[in-house]
Every structure is written in structure tokens, then in C-alpha cells.
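Chemist: Based on the hints, put chain B in the right spot on chain A.
If you're matching them up, the sequences are chains A and B in order. Going left to right, the first sequence walks through residues 583 to 695 as my numbering numbers them. Going left to right, the second sequence walks through residues -17 to 91 as my numbering numbers them.
It is possible that part of the hints are untrue.
[Claimed, not checked] List time: in silico SDA-like cross-link candidates among lysine to any residue, alpha-carbon distance up to 20 Å: (1) B/Lys(-9) x A/Leu670; (2) A/Lys653 x B/Asn77; (3) B/Lys4 x B/Pro(-11); (4) B/Lys78 x A/Asp641; (5) A/Lys639 x B/Arg(-15); (6) A/Lys639 x B/Gly76; (7) A/Lys639 x B/Asn77; (8) B/Lys39 x B/Lys88; (9) A/Lys639 x B/Tyr9; (10) B/Lys47 x B/Pro(-11); (11) B/Lys88 x B/Thr42; (12) B/Lys(-9) x B/Asn6; (13) A/Lys653 x A/Ser606; (14) B/Lys(-9) x A/Asp620; (15) A/Lys651 x A/Thr587; (16) B/Lys4 x B/Leu45; (17) B/Lys88 x B/Glu2; (18) B/Lys78 x A/Arg678; (19) A/Lys651 x A/Asn610; (20) B/Lys78 x A/Asp682.
Hint data in this document are derived by calculation from the structure and do not stem from the laboratory. Quick caveat: nothing in here was measured; it's all calculated off a predicted structure.
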Amino acid sequence: EAQVTQNPRYLITVTGKKLTVTCSQNMNHEYMSWYRQDPGLGLRQIYYSMNVEVTDKGDVPEGYKVSRKEKRNFPLILESPSPNQTSLYFCASSSRTGSDEQFFGPGTRLTVL
Amino acid sequence: AQRVTQPEKLLSVFKGAPVELKCNYSYSGSPELFWYVQYSRQRLQLLLRHISRESIKGFTADLNKGETSFHLKKPFAQEEDSAMYYCALIAGGGNKLTFGTGTQLKVEL
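So here's chain A without its partners, still in its complex pose:
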């Protein structure tokens, strides 16, 4: 089944403890992206990637890192999480660009204490 998967789905952690949220797609898509969803703020793009080793900042990149070593994977790294990064995170992919239909993952609910 063609899909985007994220792991973990739920995570509670403490301030400063490095964590990685994985994202994988099996559709051979070139474009991948991370968003955070917060009440009253909608979805905001964190980072996106046009292809392997090509990444760029979205609207809210501070405090996050990403890497794209393989086409199918696009992990989101929080080196030193803080409580203001408590949010619902979505990964998405599309065939070539951000203008193509984006396929979203199920979301990862992160709580930073």
C-alpha cells in the first residue's frame, strides 16, 4: 500500500533530550516535508526537501534539523527539545514539487516536559 509512515506516533520526553521522528514513504517521491500543527495556528512548514541531499527551511525551522540521505526517508531531529516544541507533527511527500498533491503521514504527537 502506497503510504507515508511516521514513528513514533506518540512521544513524551523531557527538555534537552535529543530525539528523532522518522518519516518514510514508499512512493518514490522526490519532495518531502515536515509540518507542525498547533491550535489556532494551523499547519506550519518546518523543512522541506526536493531530493536526496537537498533540504530547505520552511516557515518555522528554528530548533529542528532534517536530513535526506535516502529518497524514502526524511527524519526530523530535535537536538535539544523545549516545551514550545510540544505539538502534532506531520510528514508529507509528493511526486516532484510542493505544488503536486501532498500525501500526509498519520502524525506524531510530541510532548516535551
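Modeler: Leaving out everything else, chain B in the frame of chain A:
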């Protein structure tokens, strides 16, 4: 900077009534506009985009460059239309997607 505004957090209509979800944007160039929808317990998914000029599930949206709007319309609301709707914009030729804050549509019987 590009910006998308959805002025209504919640829109409640009766079944069979017309629906209009408002979306305004600010961008000086030629944008690409989209509507994404999230049904309960489902993933966010594309509903329609302005370049396709198509009608999906009875919904249409017309890009009005003069009013910088991309309102989503449906003549007769159905119960299954209840969902969260997001308007989104990409600057022409760009790849950074900007979403609005979303409108929760509730269709009542």
C-alpha cells in the same frame, strides 16, 4: 512574505444549505492555491487546486486575483462534508507551502 487567512474557525450549516469557506491570501506574485481537508480519524488530503479547475465532491473554488481570494463553495452541504478544511498557497515556482489556520465545517441535520 506569503500569508493565508481563513477568518472562520468554525462554520456550522444545516444539511442542504449552501456552504462557503473563506480564504484570502497575500502574495505579490502568481500563487498556486489549494484546499486540503481532514475528515475525522483520517489523514489530511488534497481536495482541490485552482490550476485544475475541477469540482471534487461537489466543491468548487475560484481564484479571484483582484480580491486575492480562493473561497471554497458547495451548493448543498451534506453530513459527510463535516471536516477541517485548510487553504494553502505556494508562491509561483516555489516549493514552500503556507497553510491557513483552518476552518472546522459542521453540517447539522
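Chemist: For each hint given before, does the structure comply? Return the numbers of the non-compliant ones in rising order.
Modeler: none
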